[in-house]
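Asker: Take a look at the letters that make up each chain.
4 protein chains.
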Amino acid sequence: MAVRAAVAGASGYAGGEALRLLLAHPEVEIGVLTGNSNAGQKLGALQPHLLPLADRVLAETTPEVLAGHDVVFLALPHGQSAAVAEQLGPDVLVVDMGADFRLKDPADWEKFYGSPHAGTWPYGLPELPGGRAALEGSKRIAVPGCYPTAVSLALFPAYAAGLAEAEAVVVAASGTSGAGKAPKPHLLGSEVMGSMSPYGVGGGHRHTPEMIQNLSAAAGERVTVSFTPTLAPMPRGILATCSASAKEGVTAESLRAAYEKAFADEPFVHLLPEGQWPATASVHGSNAVQVQVAYDEAAGRIIAISAIDNLTKGTAGGAVQSMNIALGFPEELGLSTIGVAP
Amino acid sequence: MAVRAAVAGASGYAGGEALRLLLAHPEVEIGVLTGNSNAGQKLGALQPHLLPLADRVLAETTPEVLAGHDVVFLALPHGQSAAVAEQLGPDVLVVDMGADFRLKDPADWEKFYGSPHAGTWPYGLPELPGGRAALEGSKRIAVPGCYPTAVSLALFPAYAAGLAEAEAVVVAASGTSGAGKAPKPHLLGSEVMGSMSPYGVGGGHRHTPEMIQNLSAAAGERVTVSFTPTLAPMPRGILATCSASAKEGVTAESLRAAYEKAFADEPFVHLLPEGQWPATASVHGSNAVQVQVAYDEAAGRIIAISAIDNLTKGTAGGAVQSMNIALGFPEELGLSTIGVAP
Amino acid sequence: MAVRAAVAGASGYAGGEALRLLLAHPEVEIGVLTGNSNAGQKLGALQPHLLPLADRVLAETTPEVLAGHDVVFLALPHGQSAAVAEQLGPDVLVVDMGADFRLKDPADWEKFYGSPHAGTWPYGLPELPGGRAALEGSKRIAVPGCYPTAVSLALFPAYAAGLAEAEAVVVAASGTSGAGKAPKPHLLGSEVMGSMSPYGVGGGHRHTPEMIQNLSAAAGERVTVSFTPTLAPMPRGILATCSASAKEGVTAESLRAAYEKAFADEPFVHLLPEGQWPATASVHGSNAVQVQVAYDEAAGRIIAISAIDNLTKGTAGGAVQSMNIALGFPEELGLSTIGVAP
Amino acid sequence: MAVRAAVAGASGYAGGEALRLLLAHPEVEIGVLTGNSNAGQKLGALQPHLLPLADRVLAETTPEVLAGHDVVFLALPHGQSAAVAEQLGPDVLVVDMGADFRLKDPADWEKFYGSPHAGTWPYGLPELPGGRAALEGSKRIAVPGCYPTAVSLALFPAYAAGLAEAEAVVVAASGTSGAGKAPKPHLLGSEVMGSMSPYGVGGGHRHTPEMIQNLSAAAGERVTVSFTPTLAPMPRGILATCSASAKEGVTAESLRAAYEKAFADEPFVHLLPEGQWPATASVHGSNAVQVQVAYDEAAGRIIAISAIDNLTKGTAGGAVQSMNIALGFPEELGLSTIGVAP
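These protein sequence lines are chains Z, B, H and U, in that order.
Be aware that the first sequence starts at 1, since it is given in the working numbering, and climbs by one per residue.
Be aware that the second sequence starts at 1, since it is given in the working numbering, and climbs by one per residue.
Be aware that the third sequence starts at 1, since it is given in the working numbering, and climbs by one per residue.
Be aware that the fourth sequence starts at 1, since it is given in the working numbering, and climbs by one per residue.
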């Protein structure tokens, strides 16, 4: 029997991607769609790629219209999810694709977001140690940030296996959809095409504490993360190039073994054959993760690289995967590991 | 009961797209994959986005390895399909994504391809008048060219309704995957990014006679087509801007009515609401077609514009749709009308 | 002795390109820069590519700050140039990169812009018949629109030589900078990358009457133009694919001869060798125009294609070229015919 | 009096860029152009953006045709420069844009290139400590690699000032022109557009020892470099994100001061104002370098980021700049700090 799902914030990129995936989910029936500034408009004018929903009209995001659904996906600006979730009651599965409930340490939240901490929900990254168990039967899910998804999957096996020193350096390139649909001059096509540029340099990006949280948990000690995000001239995709000093005694073989073990039974993570490297095009539109790892002996560093689609595995795909676990559906239901390439 | 499908030419773009779609088809089991120059290699090294088939090894394209399948998709260089089809026998459904069997007039074939004509197979564009009937139960399908798919769908309603003069002017922009995967200097990323350029100008493109064939059939008279293809800096998609002089008495209303009638029951063609125009991103990776039409009163011309994904509806999606009809499956089975956007 | 030039609207794309070119002009000294909403900001924050002007502060656009210059370039929203020009007095050379003074027929202006017509200035397309003479010594220049520049240069030789019927069909692809720097959702990188889409279809684009004006003048009769602009996933460049029915007796040779004659002495227009076709990358950042022409005998049409950089030859380069003529400088001074490719 | 310059390897990207710059150089007259596989062809067919040289015919690369020039630019596959240079005699200025003479340590060369070391020439990165002096009057110049240019300029000030520990981590994104013009499947536009991917991971990229050489010289101790290059969907540009552990006592102020001092008199390096970050679009086609630096206190790392055009400052612009110094011309002659943006 299908569950009925509402999407709050259906006019943005995260909401649109959630709908794209939910339309293909055999156990989901799409309920109310909301979008504040676009309330009253047809979805076909805002998300013309979602052909089957072209005539759906967006409602305003109120507790009343969201009531009566089994699942509610929230794609709202940060700070708005708590109030909505509270009104929905404890029996509704609320899947928050925003940041509000990802961080465990209120001090982290306050430092990076400048507002009171709303709480912590089970974290929607099943591939982490203990990740699935935390989601089973849960009625609240905090979907990870796109960068933390890519970075945590690239590096946690090295930390979990005790192979890496507690200082990671991460440079990640993201497609522009990660910056959202609100029009700003620096996100214009004229500005981004043909250009690479960094932002949030020096430790200021809000996804940094989330990476630290995940990697520290895997390592059993506090890991520092130097994180530099860059904007790449492509609509989708994250390529995360991560490294950490190798602990003494690490070899290419022990490293490979740790990654093989970590991902042996993972349906969405593909540890590439040796010599092949991730490419974001290969996971375009899919929930798959490509990972590869190398040991740079001369520099003494472990290099782990992952590619995800920031909107799919990095946001809405991770949300649906987590929903599947929470509701007891097969984890892969409605999700694909096949990229749209070239 | 599933049918077993082989793909000959699995390392190229058309073959890869066929596999992407067949993997999602509930009634198809993927059989042998072949690729001549890449025979012996794993598909994962050649088509890394097709994760579930990563360990499949390509065979050489021989009648022996293709035998024993219910369906064989051919993605071969032109001129090679006839020999393969002959060996497969009359009971195997052969779906040719190449050009060999598209043209009815041997003179057209010889003029544009410079070799003897192999014959004519039922034409895989079900949306054309009489298109479905020709495919039902057929064991041979000639999949249309990508440009003719886009152009014929944009213009045939005007011709079928007797609204357009028999001279069409078409300028179409195609993503680079339409030019194939064989590496050539002018197809390098360095050359195509940031650049638009035409090719095959002046009536020389091989898809021209196919457009003329389709539009003339709809019009009931010989239609001339001035066709200029252009290469656009994107991997996928065709935007076809087509026009023809309006016959006397044409109005915006009569034009709209003709298009509404032509596409009323079409599952894959979406005539956009007035004021909205096609975009290739909206149909990226999907089998949908976006169409819009306008009457330019000052110039006296009908402007009809379509957007397709050249690899999906323009090649492998059209192939699967036609296969569904030929085998008696629901026409939409395994195909999506949802684009991967942004 | 250098002339002193001000640029009003220096924070936008046209103003920025004017500055890029004027910085390289040996007879120009850059004076005041203005920008209304950005007044008070440093140019380095708005146009970081104009390194030598990084510390310049934008003034508000007032007659006072613009006074005292030999030349004033206007890159203002349409409807604002007349008031500014009036205040500058008749001895200042005013080069308007906006639309206000391009059209001769007030009815055209009112139909397409919906406001009273401000007048007509000498038209800055020296390559047109009589074009240079109109600019020599002039103190007012109306810089053509980017599309009309590309289209007029592609087609006027055929009309001037009496080879083409009076109905032209134009489909042009433009880089996104043609749509300006004001942020709008459909111009986001996420939306335009990987996508082609038309706009202003059916005769509504404001550059249409300007094309008709130019081609009709060349033809000596009223030419209709069916014009469809499309947005291409690149920051710069226009590829204009233009065609018209050939008059009786036209041959490939007579056509080629007409184009060779028209461009024989043109420093910026490069009629390509036969068999080679324009590409926007080849003229990226340059004032050059690539043109090629073909006769499609089967369709009975002349196909003329041009490539320009919409910001250079299509806007600020055309402006500087016209300024050179008006001030008696060598026409090519400070301008390049070398594109930045790949 | 102008010098006469030949370019060997004029059909590739480095050779084409050298010609683009030399055409704009007031003291250079362009002599013979060579290109082995393309000998006999017109340059207009191979480099259509170099309009003024369209009718030049490529010669074969022989000592005879290169004789009689004041300067010879070599854009040859590695391993071929020594033989050519030897024949040219000691009075000709030979500027090698290939790798052959960059490395000082023969062991480095042999390890990374697998052939005998040809020697070491004065290194064409004038901004390095002592860099200019080494070039003055020299008749041989080894132009740096594109990545080492970007990385060395980003990091040497921190090392020269004793602020950084001797382990650097570099992740750089390059436009595809860095991979050259020889057509390979993974460089097709269809493959690179919309995709980011790494290559040469784990210390294997040939530019690594060159970075180590430069940074170690600045630091006065052996610096390790973990270098990961990535291919970005753009034709030009390198964004180098570099970091190193900060030594004790480093502050944001001391870091900024070191960079201000290092670049105070540099005509091509622009240390951006605080809060502004490099973008490759800003230096497109120019010889400028944008640099910014930050201190990530939480991670204890210095983050230095640079943007260059890989073909200009990263190859041919650096070559011309070094030629200017060697010949006693003003260093900036014929070179621009203005990018072509957007």
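Please keep in mind that the hints were generated in silico from the structure rather than gathered at the bench.
Since the model is a prediction, treat every value here as computed from it, not as a measurement.
Be a bit skeptical, because a hint or two may be false.
It does not matter which identical chain is used: a pair holds within one copy or between any two.
[Claimed, not checked] The calculated DSSO-like cross-link candidates involving lysine-lysine, where the alpha carbons are at most 27 Å apart (straight line), are: (1) 42 <-> 261; (2) 111 <-> 247; (3) 184 <-> 139; (4) 42 <-> 139; (5) 261 <-> 181; (6) 184 <-> 42; (7) 184 <-> 104; (8) 42 <-> 104; (9) 139 <-> 261; (10) 247 <-> 139.
Asker: Indicate, hint by hint, whether the structure satisfies it.
Answerer: These are the hints, each one checked on the structure:
no.	hint	in the structure
1	42 <-> 261	between (48 Å within a copy, 23 Å between copies)
2	111 <-> 247	between (31 Å within a copy, 26 Å between copies)
3	184 <-> 139	neither (36 Å within a copy, 38 Å between copies)
4	42 <-> 139	neither (30 Å within a copy, 43 Å between copies)
5	261 <-> 181	neither (39 Å within a copy, 36 Å between copies)
6	184 <-> 42	both (24 Å within a copy, 19 Å between copies)
7	184 <-> 104	neither (31 Å within a copy, 37 Å between copies)
8	42 <-> 104	neither (38 Å within a copy, 42 Å between copies)
9	139 <-> 261	neither (30 Å within a copy, 48 Å between copies)
10	247 <-> 139	neither (40 Å within a copy, 48 Å between copies)
Figure legend: structure checked against the earlier numbered hints; hints not met, in rising order: 3, 4, 5, 7, 8, 9, 10.
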